[in-house]
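This is what each chain is made of:
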Amino acid sequence: MKINTENQQTELRDQALAKCVVTLLNEQAMTVDTRIASQLSYSRQQALANMAMPSSGMTISQNGVLRLFRNYWHQYSLLLTLLMCGLGLLVLLAMQNMANQEEAEQGDAYLLASDLPPEIYSNEGFGTWLSENTQQ
Amino acid sequence: MAFRKYAAIILFASVSSLFPLLALAEDALDKPWALLNEDQRKVLAPLADDWDGLRPWQRERMLEIAHDYPKMPADRQARVQQRLASWSRMTPFERENARKRFQQFKSLPPEKKEELRQHWHDYREASPEKRQQLRSQHPEIFGVEEMER
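For the record, the sequence lines run as chains A and B.
According to my numbering, the first sequence is numbered sequentially starting from 1.
According to my numbering, the second sequence is numbered sequentially starting from 1.
The following block holds chain B by itself, in its conformation from the complex (with noise of 0.2 Å):
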């Protein structure tokens, strides 16, 4: 008898383990602006817009975004909630090399990585004419054109 109620136990356990990735899977579903909970609406504020023209997968990433943004500190999160609008108006082809290229990016060697983080700060504290120097003889690391400071 007892050991059918341990079996009964861990069988609860497994299935109900199940439920947040269910949840989340609900999550994606063809949710509207209005259906979104308040944590998520906060998060995605700047899409409030545009959230009903997005398609569901686009959707889906938008709610793992929310997701995530909790677990991040205060400078963290505003930079994402600042980034949001752009992201989302990225084409897929470019948001899936911006994926690869950060995945590339964190398997730099540190210093490498460090290197680059110094460089950016540098670009973000010169001049409109100093930034335009830099793009010009670093293109492949400040772009050509003009990127969010």
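Bound conformation, chain A alone (with noise of 0.2 Å):
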């Protein structure tokens, strides 16, 4: 019982002293410089939108869906448009080439080096036997 009279009165200080410093500071704020002023009210901004703003570059929202890399989108918008140009041409090359090993051997180069003349291919009699064939 004792103690938590004890308890009381201090809590009972604490709150004395506490309304007293704030007595103090809105007294100090009323006749503090306007330069500081100015800077105390920049300072604050700044720490509520750092505070608005999420530490990592993963957040998730109200519904609950991660959100990855949010604020770099805004950051380096352009940046990420040009890589994703770069990464875009880069596939369409592997797919070029790709492409292109598929259809390996299918330059002049290799009909002229093929184990029949070049001009057997261009014999009208030789095309009706490969149609021919085929279809077989």
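Just so you know, the hints here were simulated from the structure itself, not pulled from any lab data.
Hints may be right or wrong, so weigh each one.
To be verified - List time: in silico EDC-like cross-link candidates among lysine to aspartate or glutamate, alpha-carbon distance up to 20 Å:
(1) B:Lys112 <-> A:Glu132
(2) B:Lys113 <-> A:Glu105
(3) B:Lys71 <-> A:Glu105
(4) B:Lys100 <-> A:Glu124
(5) B:Lys113 <-> A:Asp115
(6) B:Lys71 <-> A:Asp115
(7) B:Lys106 <-> A:Glu105
(8) B:Lys112 <-> B:Glu140
Unchecked claim - Chain B stretches covered by chain A per the calculated footprint, using a threshold of three residues with CB under 8 Å from any CB of chain A:
(9) 68-81
(10) 85-91
(11) 134-142
In this text, all values refer to a predicted model and were calculated from it rather than measured experimentally.
Beta carbons are placed, not taken as given, at the ideal position from N, Cα and C, and that holds for glycine.
Two chains, each in its own frame: build the complex with the hints.
Dropping the structure here:
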């Protein structure tokens, strides 16, 4: 019982001290220099903005969807666009390269190096023979 | 900062990968014989006298041949050189037909291709009289007139 009373008294003392500090701060704030007031206001805005901005590139939205690199997108949108264009170009070239490999031995050089002379390929009769044998 | 570095590297890689295509396109320009490089002149030697009279698109095709040539084994390279001159004298229509039929030939069943190769092997080995006989029996395979053996 005695301990409870002591605790209550300590709490009341702390509250009174806090009120005193608040009163003193308010009084000082009324007389603070305009330049310092402006700097303090700017710092407060910065602190609030930092609190609103998530610290990492990964955030979880209100409906629980994980969003990656949202802030990076805002900061580096032009670079990311260029990067995606570059990657797209690389993919395109890789696909073209694969297609070229599949079409390997299709140039005139391979025709000239064929087991059959090139003249036979321009022969109409051979064309007919090829059509008949390809269909079988 | 590191992110910008990686982006720059990827962009550089994609742009530099276009250079071989640009180089090939540049080769296709109207180059006289004297401006071909040593390798190209070596491969296209059978065309040396005719080169400056060829059309730009014909030169482009010939330069493609010179480009593919080093990828082939020696026996096939010899065939290419042996046939280059007659190939350049064929009409564009004949060459286009030949390209189409070459693709058709490649799509034949393997046994048919082998059979045809064997016929041509036998034809090359045969005497002039026998070849004449084979041509009259199978003009669709050996042609009507004597072709390169």
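Handout entry: Violated hints, by number in ascending order, as checked against the structure
Key = none
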